[in-house]
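If you want the building blocks of each chain, they are given just below.
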Amino acid sequence: MELTGAQIFLECLRKEGVEVVFGYPGGAIIDIYDQLPNYPFKHILVRHEQGAVHSADGYARATGNVGVSLVTSGPGATNAVTGIATAYMDSIPVVIFTGQVPTPLIGNDAFQEVDIVGITRPCTKHNYLVKDINELAYTVRQAFYLARSGRPGPVVVDLPKDLMQAKTEFIWPEDVSLRSYQPNLSPHIRQIKKVAELIANAERPVIYAGGGVVSAGAEEELTWLAKNLNIPVTATLMGLGAFPGNDPLWLGMLGMHGTYAANMAINNADLVLAIGARFDDRVTGKVDTFAAKATLVHIDIDPTSIQKNVAVHVPLVADCKSALSALKDVIEPTLEQNYSEDSHAVWVQQVKQWSEVHPLRYNKGSKFIKPQYVVEKVYEISNGDAIIATEVGQNQMWAAQFYKFKKSKSFLSSGGLGTMGYGLPAAIGAQMAFPDRLVVNIAGDGSIQMNIQELMTAVCNNLPVKIVILNNGYLGMVRQWQELFYKRNYCETCMDAQPDFVKLAEAYGAVGFRVTEEKDVTPVLTEAFALPKVCIIDVRVDPEENVYPMVPAGASLSDMLLV
Amino acid sequence: MRHTLSVMVENEPGVLSRVVGLFSGRGFNIESLNVAPTLEEGVSLMTITTIGDEQIIEQIVKQLRKLVTVIKVVDLTELKAVEREMVIIKINAEDAKRAEILRIVDIFRCKVIDVSIDELTIEVTGDHGKIEALINLLARFGIKEIARTGTVAMKRALQN
Ligand SMILES: Cc1ncc(C[n+]2csc(CCOP(=O)(O)OP(=O)(O)O)c2C)c(N)n1
Chain R
1 MELTGAQIFL ECLRKEGVEV VFGYPGGAII DIYDQLPNYP FKHILVRHEQ GAVHSADGYA
61 RATGNVGVSL VTSGPGATNA VTGIATAYMD SIPVVIFTGQ VPTPLIGNDA FQEVDIVGIT
121 RPCTKHNYLV KDINELAYTV RQAFYLARSG RPGPVVVDLP KDLMQAKTEF IWPEDVSLRS
181 YQPNLSPHIR QIKKVAELIA NAERPVIYAG GGVVSAGAEE ELTWLAKNLN IPVTATLMGL
241 GAFPGNDPLW LGMLGMHGTY AANMAINNAD LVLAIGARFD DRVTGKVDTF AAKATLVHID
301 IDPTSIQKNV AVHVPLVADC KSALSALKDV IEPTLEQNYS EDSHAVWVQQ VKQWSEVHPL
361 RYNKGSKFIK PQYVVEKVYE ISNGDAIIAT EVGQNQMWAA QFYKFKKSKS FLSSGGLGTM
421 GYGLPAAIGA QMAFPDRLVV NIAGDGSIQM NIQELMTAVC NNLPVKIVIL NNGYLGMVRQ
481 WQELFYKRNY CETCMDAQPD FVKLAEAYGA VGFRVTEEKD VTPVLTEAFA LPKVCIIDVR
541 VDPEENVYPM VPAGASLSDM LLV
Chain B
564 MRHTLSVMVE NEPGVLSRVV GLFSGRGFNI ESLNVAPTLE EGVSLMTITT IGDEQIIEQI
624 VKQLRKLVTV IKVVDLTELK AVEREMVIIK INAEDAKRAE ILRIVDIFRC KVIDVSIDEL
684 TIEVTGDHGK IEALINLLAR FGIKEIARTG TVAMKRALQN
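Protein chains in written order, with the numbering used here: chain R, 1 to 563; chain B, 564 to 723.
Among the hints, a few may not be true.
Stated by the list, open to error - In silico DSSO-like links for lysine-lysine, alpha-carbon gap of 27 Å or less: (1) B:Lys625 / R:Lys286; (2) B:Lys625 / R:Lys194; (3) B:Lys625 / R:Lys308; (4) R:Lys519 / R:Lys533; (5) R:Lys407 / R:Lys503; (6) R:Lys131 / B:Lys635; (7) R:Lys227 / R:Lys364; (8) B:Lys643 / B:Lys629; (9) R:Lys404 / R:Lys364; (10) R:Lys308 / B:Lys660; (11) R:Lys377 / R:Lys352; (12) B:Lys660 / B:Lys707; (13) B:Lys629 / R:Lys131; (14) R:Lys377 / R:Lys404; (15) B:Lys635 / R:Lys308; (16) R:Lys519 / R:Lys487; (17) B:Lys625 / R:Lys193; (18) R:Lys364 / R:Lys352; (19) B:Lys653 / B:Lys625.
No wet-lab data here; the hints were simulated from the structure.
Only a predicted model underlies this, so the values are computations on that prediction, with no experimental measurement involved.
Could you put together the complete structure from these sequences and hints?
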């Protein structure tokens, strides 16, 4: 039987097991919307296309499955670009379908035409313009395959309107094979043995885990390695939760706002195992001094990540899960013979001491509510089981520092692109996937206004996300830079003209709370978290609190500004 | 150092801009780029010459391999390769200079492909060194126009 392009497209999504689509309609994509009610998946109508992609991204980060969004041509597609670039920088599997003007009009500056394939080329893993209805099913299949395999990433598929109306036989391609795309998944066993040997001989080893551990699902293998060999673990922002944040071997995050212990450990290590991490400049600080005393082992699925920023001694191209389980297979039989329980004991003791001397801390007893205190309370009240999304800025760093992530896939944050406005839609995506879990967006008063319209999406879909605004009246992180490095020239970072967030919540049909005193933090958060409703908790925090420790941009990790 | 990369790609729309965009977006340098179909249907060969230190060239090669439409990348610089470029040069050639120019044309085994009262247009093929040498020699007569194809290259036979 012949189906229309729109039907074929939706059949493909069904075959891919898609459960939810985040989208926004328009003329170029209307044929798909016309068929949508005949299909089993849920469509979430967002209020801005950037929100659609962030939601699909949040859904993907929380579940590990591919997120899907559907937008119209032209302005719909360009609105999606920030979301696409965000997913690209953090290697998140999302597939974005964009409507396009009919093929005969392509290139004619038609109404709502934009070359979205051209625009998104540098910020997608791959992208397609479908030109023939007979290629539609195969292209959609490929798009999902590319998004989720190898190093994951966003894929855009541009769908001209006339193809959605044309008809052909639906043939589902069972297999995908691309001669030019063969990600290397299994590790080289000789390299694995070398790594095992390095670990056996190391006195001061450190594991530096990144988002690759999470996307490969290698948390268990990582934890086995650390615990059995007694190796301290630090992680990037993207790697938070890959190793339990309440384990004694946990050092905290490293890098610009990393802990003293993590950065000192990296600086003094004789072996650094970088696993699914990419030596981002926010992590390394000054590259020449990063882990300067260490032999560097780098496990990554993407060969381009290796030797890009830092010269490593032992490169290992592989999926983190296969690499770590191969490593386990080599190490396990000789565990008793080569490693004693107190191997690296002196080192672990040293690291612990660094943690004790300079733990994460903030000045208590001030007249203001401290934002760190609020995050600590969010942690306590949620028992560490919430999914935390963040915006970007100080709020993001405090969430990363003061919420102890016990499980992976529970911290959703724009690491690579640093996109303000990410948190609320991402929280919506996660809440969609896990209706029964507590999902909290830790926000800044600046960032929350970048996609505040998505409140409506949350409210009308009964997605009871909690938005905790650490309201400092500033674009806090930029103000912090101005304070520290620009002679307190607070130019255009004071946000004293603000909406009334409580009334705003009410206007959208959500519940609003305002907290101005420390004693109210716990009761209000407790009340809000128990409400099966979308809540904004506007917490007025210390306007001039800073994030510490801080390694100034471009400085060595050892040059930390402490509290 | 100058490297010559042989890049086999799927011959589909946009593949050139993917490759070029990679270079511009990451701040790599392209010296010359040449694309044409191969014997295999649907496959084109690009020859790219680029300049950079070892670390940059390694990144370029890896980043190219990462593109979904790229089938194969070979750095011909490490292998014995044959390299050729074709260049068309239009040069000032008044009577007094003409004989000398023709002598150079002869030595370099170039071809004269167009003549006018005070100009000669010549065609030359050769490797990078030869082309540079010829251009240097002809410069003093006044080159009016130049069109280059960029390098095409191939691995020599009997190598794996
Ligand atoms: C879309 C976007 N624009 C600008 C920036 C630059 N920027 C980084 S942090 C920041 C301040 C964020 O302020 P706020 O959301 O109030 O959070 P706070 O730092 O106060 O917690 C800005 C403007 C950005 N990251 N993203």
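A quick look at each hint next to the structure:
1. Proximity of Lys625 of chain B to Lys286 of chain R is assessed by CA-CA distance (about 24 Å); at most 27 Å being required, the pair is judged to hold.
2. Between Lys625 of chain B and Lys194 of chain R the CA atoms are separated by roughly 24 Å; this keeps the pair inside 27 Å, and the hint holds.
3. Pair hint Lys625 of chain B plus Lys308 of chain R holds up; C-alpha atoms about 10 Å apart against a cutoff of 27 Å.
4. In summary, the hint linking Lys519 of chain R to Lys533 of chain R is supported, as the alpha carbons are separated by about 23 Å, within the 27 Å threshold.
5. At roughly 35 Å between alpha-carbon atoms, Lys407 of chain R and Lys503 of chain R are farther apart than 27 Å, so this suggested pair is violated.
6. Pair hint Lys131 of chain R plus Lys635 of chain B holds up; C-alpha atoms about 26 Å apart against a cutoff of 27 Å.
7. With a CA separation close to 34 Å, the supplied pair Lys227 of chain R and Lys364 of chain R exceeds the 27 Å bound.
8. About 25 Å separates the Cα atoms of Lys643 of chain B and Lys629 of chain B, which keeps this hinted pair within 27 Å; it holds.
9. Proposed proximity of Lys404 of chain R and Lys364 of chain R is supported: the alpha carbons are some 20 Å apart, at most 27 Å.
10. For a cut-off of 27 Å, the pair hint linking Lys308 of chain R to Lys660 of chain B is broken: about 53 Å separates their Cα positions.
11. Of the pairs offered as hints, the one joining Lys377 of chain R and Lys352 of chain R holds, with about 25 Å between alpha carbons and a cut-off of 27 Å not exceeded.
12. Distance restraint check for Lys660 of chain B and Lys707 of chain B: the Cα-Cα separation of roughly 15 Å lies within the 27 Å cut-off, and the hinted pair is therefore satisfied.
13. Restraint check: the Cα-Cα separation between Lys629 of chain B and Lys131 of chain R comes to about 24 Å, which is no more than 27 Å; the hinted pair holds.
14. With a C-alpha separation of about 11 Å, the suggested pairing of Lys377 of chain R with Lys404 of chain R holds against the 27 Å cut-off.
15. For the proposed pair Lys635 of chain B and Lys308 of chain R, the alpha carbon gap of about 20 Å is at most 27 Å, so the pair holds.
16. Distance check on the hinted pair: Lys519 of chain R and Lys487 of chain R sit about 34 Å apart at the alpha-carbon level, beyond 27 Å; violated.
17. About 25 Å separates the Cα atoms of Lys625 of chain B and Lys193 of chain R, which keeps this hinted pair within 27 Å; it holds.
18. The suggested pairing of Lys364 of chain R with Lys352 of chain R holds, with an alpha-carbon distance near 23 Å, which does not exceed 27 Å.
19. For the given pair, Lys653 of chain B sits about 39 Å from Lys625 of chain B by alpha-carbon distance, which is inconsistent with the 27 Å threshold.
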